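**Q** Residues per chain, in single letters:
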Amino acid sequence: DAGVIQSPRHEVTEMGQEVTLRCKPISGHNSLFWYRQTMMRGLELLIYFNNNVPIDDSGMPEDRFSAKMPNASFSTLKIQPSEPRDSAVYFCASSLGGVTEAFFGQGTRLTVV
Amino acid sequence: KQEVTQIPAALSVPEGENLVLNCSFTDSAIYNLQWFRQDPGKGLTSLLLIQSSQREQTSGRLNASLDKSSGRSTLYIAASQPGDSATYLCAVRNSGNTPLVFGKGTRLSVIA
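Residue numbers (my numbering), protein chains in the order written: chain A, 299 to 411; chain B, 1435 to 1546.
These aren't lab readings, by the way, just hints derived from the structure by calculation. Given the structure is predicted, the values throughout are model-derived calculations rather than measurements. Where hints are given, some of them may not hold.
[Said to hold, decoys possible] Result set (DMTMM-like, lysine to aspartate or glutamate): computed pairs, CA atoms no more than 20 Å apart in a straight line: (1) K1502(B) x E342(A); (2) K1538(B) x E342(A); (3) K366(A) x D355(A); (4) K1502(B) x E1451(B); (5) K1476(B) x E342(A); (6) K1435(B) x E381(A); (7) K376(A) x D355(A); (8) K1476(B) x D354(A); (9) K376(A) x D354(A); (10) K1435(B) x D354(A); (11) K376(A) x E399(A); (12) K322(A) x E312(A); (13) K1476(B) x D384(A); (14) K1435(B) x D355(A); (15) K1538(B) x E309(A); (16) K1476(B) x D355(A); (17) K322(A) x E399(A); (18) K366(A) x D384(A).
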């Protein structure tokens, strides 16, 4: 398996634009997590899904953020409209329940100017 | 609410030294604990996973221990090398299917 795949790797956008980040989890994994990493706050959980169902989105900072998982092999995180304070690295991770290790993608570095 | 703390925040050692990184968590009722490595500008690489019923896990020069009752884990790195320079992150899972809660990491520099 190629691991967790995220796209794009880098995104630079202007304030107010819509941004969509994509994630393909490891085949067979049933848990998917979106994290955001900044220097100040470290890694913060935004939302996670079990069996494609959102379980906890309390980490989503504002209504501007939304996430979907239409099937077991794809998830999106959307920010609309984007703001400069959204600039961070966004990671997607997947695991098979809590039994296995969680594996992370390479992240999407988002810069909002 | 689970909180994870890693001390020290940064560490610099000469090549060849054995070293210990510390991780503590506030809620001892964890499901498992995972250690990661992160190189600058890169993603997280899983190093070791310790289930709550285990006391330690080993992989090459790395050994991770877990003491649930005291809410602590240590990552021991033997015979450190410059290639070990990275940020090491500790994360705990409170139950199956729940997300990992991360510490802020220890930034390790191994000087040749």
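**Q** Each of the hints needs a verdict: does it hold here or not?
**A** Status of each hint after checking the structure:
1. K1502(B) x E342(A): Distance ~23 Å between K1502(B) and E342(A) Cα, so the pair is violated.
2. K1538(B) x E342(A): Roughly 10 Å between the alpha carbons, so the hint for K1538(B) and E342(A) holds.
3. K366(A) x D355(A): 11 Å, holds
4. K1502(B) x E1451(B): Distance of about 27 Å is beyond 20 Å: violated.
5. K1476(B) x E342(A): 17 Å, holds
6. K1435(B) x E381(A): Violated: K1435(B) and E381(A) sit about 29 Å apart, past 20 Å.
7. K376(A) x D355(A): Satisfied, since the Cα-Cα distance of roughly 13 Å is no more than 20 Å.
8. K1476(B) x D354(A): Judged against 20 Å, a Cα distance of about 26 Å means the pair is violated.
9. K376(A) x D354(A): 16 Å, holds
10. K1435(B) x D354(A): At roughly 14 Å apart (the allowed maximum being 20 Å), D354(A) and K1435(B) satisfy the hint.
11. K376(A) x E399(A): Distance ~26 Å between K376(A) and E399(A) Cα, so the pair is violated.
12. K322(A) x E312(A): 26 Å, violated
13. K1476(B) x D384(A): 19 Å, holds
14. K1435(B) x D355(A): Answer holds: K1435(B) to D355(A) is near 16 Å, not above 20 Å.
15. K1538(B) x E309(A): Status violated; Cα separation ~25 Å.
16. K1476(B) x D355(A): Violated, at about 25 Å.
17. K322(A) x E399(A): 17 Å, holds
18. K366(A) x D384(A): Holds, because 19 Å separates the two Cα atoms, which is no more than 20 Å.
Consistency with the previously given hints fails for numbers 1, 4, 6, 8, 11, 12, 15 and 16, ordered from lowest to highest.
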